[in-house]
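**Q** So you can see what is in the structure, the chains are spelled out below.
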Amino acid sequence: MRKKQKIVLIRIIAAIVMMAVLHFLPVTGWKKLALFMIPYLTAGYDILFEALMGIKNLQPFDENFLMAAATVGAIALGEYVEGAAVMILYQIGELFQSIAVGRSRKSIADLMDLRPDYANLLLEDGQTSQVDPDQVPVGSVIVVLPGEKVPIDGVIIEGDSSLDTVALTGESVPVTVRVDDTIASGSVNLSGVLKVRTTCAFGESTAAKILDLVENASSKKSHSENFISKFARYYTPVVCISALVLAVLPPLARLASGISPNWGDWIYRALTFLVISCPCAFVISIPLTFFAGLGGASKNGILVKGSNYMERLSKANVVAFDKTGTVTYGVFKVIGVHHSYMNENLLLEVAAHAEAYSTHPISKSIAEAYGQPVDKTRVSEVHEIAGKGVTAMVDDSEVLIGSEKLLEDHGVRSIPCTHVGTIVHVAVDGLYAGHILISDIVKEGAKDAVSSLKEAGVSHTVLLTGDRDVVAKAVAEELGIDEYRASLLPQDKVTVIEDLLSKQKKGQVLAFVGDGINDAPVISRADIGFAMGGLGSNAAIEAADVVLMDDDPAKIAKALRISKKVMRIVWQNIIFAIGVKLVCLILGALGIANMWLAIFADVGVMVLAVLNAIRALHVKNI
Amino acid sequence: MKKTYKIYVDCANCANKMETAAKNTAGVADAVVNFMTQKMTVDFEEGADDAAVMKAVLKNCKKVERDCEIEL
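Residue numbers (my numbering), protein chains in the order written: chain C, 1 to 622; chain A, 1 to 72.
Calculated from the structure, these hints are not laboratory results.
Take these hints with a grain of salt, some might be off.
Stated by the list, open to error - A short list of chain C residues far from chain A (calculated; beta carbon distances all over 10 Å): (1) Leu41; (2) Asp132; (3) Glu148; (4) Glu204; (5) Ile284; (6) Gln508; (7) Leu582.
What the hints assert, rightly or not - Heads up, simulated DSS-like pairs for lysine-lysine below, C-alpha to C-alpha not over 25 Å straight-line: (8) Lys56/C / Lys55/A; (9) Lys305/C / Lys23/A; (10) Lys3/A / Lys220/C.
Unchecked claim - One-sided excerpt, in silico: chain A residues whose CB lies under 10 Å from chain C: (11) Thr4; (12) Asp10; (13) Asn16; (14) Lys17; (15) Asn24; (16) Val32; (17) Gln38; (18) Lys62; (19) Lys63; (20) Glu65; (21) Arg66.
Treat the numbers as computed from the prediction; the structure is a model and nothing was measured.
Where is the CB? At the ideal position from N, CA and C, for every residue including glycine.
Start from the sequences, fold in the hints, and give me the full structure.
**A** So, in structure tokens, the structure goes:
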């Protein structure tokens, strides 16, 4: 609690104690008034002062004025207890609001605790000096000790360690890093000492970009926020004018029709109106809900660039995916060895050696599948035949590795493969030795991601790819994606998105998920653009409306569920707060609700709306 | 030209009022007040002297909410 809040708390407690004492004192008349003024002023002197200043500045319709008018009015009508109590309750509500909002602001800020305090710059004499991260030139060497945050993006030049990237990706499993690995600022070094050559200035590094993005996120206001601030602008004046009408018209009407005007009763009803006229409950709770939702999503490695995108995302009904890198890993992997007379590992060993000098991605994937170091001394007489493959001597056997055509050229018949992917045939000493099936593999969890999108209300899914028709069809079928468009050039993807957009009804939202590097135009054309694998890719962070820090496809559905939860809370608060206030206004006008009920409606609604808003922060398990 | 300023305001409705006050200041094309992050982003009109405009913004904000502060 801040000092200001503590003082208010003390004033509230003092005022309550005095009220309790006064309750048992048998005083009446002006003595009672004078005594009740003590707790009243203790609790509300600043409100009264602010109200006077508001009138002086010609800004009469503020909360201070309303509370002052209501309580002074009540006291003038002889309702001393009510006047003082309403003031005390109002202060309790304000205090609660300021504590709750301050707390949640702090806890959300803590989530994004990425900002490094210093960097250990390595000097020429081998010493390190602690400097501001802003002061580190690009290309200089910094030392990151265990337990420290990586201050600036860079490449490791010495040491290995494991990094905690939870603040960036929401993923709690540490990542192992070694020399030549690129590391992102904002992650925490867990074990070893690292020497890192920086690749950018602090302002351009991942941590700084993310912080910037999160801090500016809530300045893009959603429709609901704009609606509420407009509503608040009219609500207070309308209620105040109604109060005035209520105080004057009915008594005059009664006077005209010859009955007693009953001024006191109607003025009291009007004062009840003033107490309910404070718009705080919705003005505070709606932005707080969005803020908490954005914070909760960031904690899970989902950066949403603004409340407006959060709102739009919740209405997504069509999701289009890019294939490579989004639902597949985008790297080639050996997924099978068929029709081989020899042991699978032996075939891979032979193939990996024959391809030892090749730099083609296919040969890399074979070497990876073999999984052991390749001994280049076992290989000789390597001939690479462009577009066909390689012939080589491995351990004194003649090995042919490549396309069907290559084997045919050497008089070896190969067995065709029925699977989808790239096929590499192998022959050893003129004998067919089988083929290796290499394919881009579908990401773990991609299937679940598609089905959970469906559960979250997405009616149609589309796969876009530059790949061949058979591959697109196979992937779409495997993942349960409704529609696929294959053999697309990058510019075709934009056309397809426009085609899909033209089929949308008003208010429906199309989301596109891409890897952020090649898909920037498509990402910006869709209603909501997702970029995956934002960690370390500035292009992705710039282009997209939603950035997924790692490349887990499950996060797409999670982002959707978070946005739905946030919007649900927003609407609950709008309907609840406005509803309760309207009911109280009607009851107040009919003379059923008194000022006690009014202040409980005002403070109570605000407390409940704020507590409900904070729920948006807890999105770990949705 | 856009600039972001740190502000101090402790009620949400007051933040809304500050936003309106800032928007209605001469030289300001648009202004957004973010109560949660306690920041005001001001988009200045072409050729406006931001320092002078911000003084006027502060003055106008003080009128609607005496208890606010803008770090200039």
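**Q** Now look at each hint and say whether the structure bears it out.
**A** Do the hints match the structure? See the list:
Every CB of chain A is more than 10 Å from the CB of Leu41/C (nearest about 19 Å), matching its label as outside the interface. Look at Asp132/C: its CB is around 19 Å from the nearest CB on chain A, clear of 10 Å, so calling it non-interface holds up. The Cβ of Glu148/C lies farther than 10 Å from every Cβ of chain A, with a closest approach of about 26 Å, so its non-interface assignment holds. A cut-off of 10 Å between C-beta atoms confirms that Glu204/C is not in contact with chain A; the least separation is 18 Å.
Ile284/C, annotated as away from the interface, has a beta carbon of chain A within 10 Å; the closest lies near 4 Å. Against chain A, the non-interface label of Gln508/C holds: every CB pair exceeds 10 Å, the least being about 28 Å. With a closest Cβ-Cβ approach of about 19 Å to chain A, Leu582/C is found to remain outside the 10 Å limit, as its non-interface label requires. At most 25 Å may separate the alpha-carbon atoms for a hinted pair to count; Lys56/C and Lys55/A meet this at roughly 21 Å.
Restraint check for Lys305/C and Lys23/A: satisfied, since their Cα atoms lie roughly 23 Å apart, inside the 25 Å limit. Pair hint Lys3/A plus Lys220/C holds up; C-alpha atoms about 15 Å apart against a cutoff of 25 Å. Hint on Thr4/A holds. Least Cβ distance to chain C is approximately 8 Å, under the 10 Å limit. At a threshold of 10 Å, the smallest CB-CB gap from Asp10/A to chain C is about 6 Å, leaving the interface hint in force.
Of the supplied interface hints, the one on Asn16/A holds, with its beta-carbon coming within about 5 Å of a beta-carbon of chain C, less than 10 Å. For Lys17/A, the shortest C-beta to C-beta distance to chain C is roughly 8 Å, which falls under 10 Å, so the interface hint holds. A least Cβ separation of about 13 Å between Asn24/A and chain C goes past the 10 Å threshold, and the interface hint is therefore violated. Interface restraint check: Val32/A against chain C, minimum CB-CB distance 5 Å, threshold 10 Å, status holds.
The criterion of a C-beta within 10 Å of any C-beta in chain C is met by Gln38/A, whose closest approach is roughly 8 Å, and the hint holds. Of the supplied interface hints, the one on Lys62/A holds, with its beta-carbon coming within about 8 Å of a beta-carbon of chain C, less than 10 Å. For the restraint placing Lys63/A at the interface with chain C, the shortest Cβ-Cβ distance is roughly 5 Å, inside the 10 Å limit, so the hint holds. At about 8 Å, the closest approach between the beta carbon of Glu65/A and any beta carbon in chain C falls short of 10 Å, and the interface hint on this residue holds.
With a least beta-carbon distance of about 5 Å to chain C, the hint placing Arg66/A at the interface is held under the 10 Å criterion.
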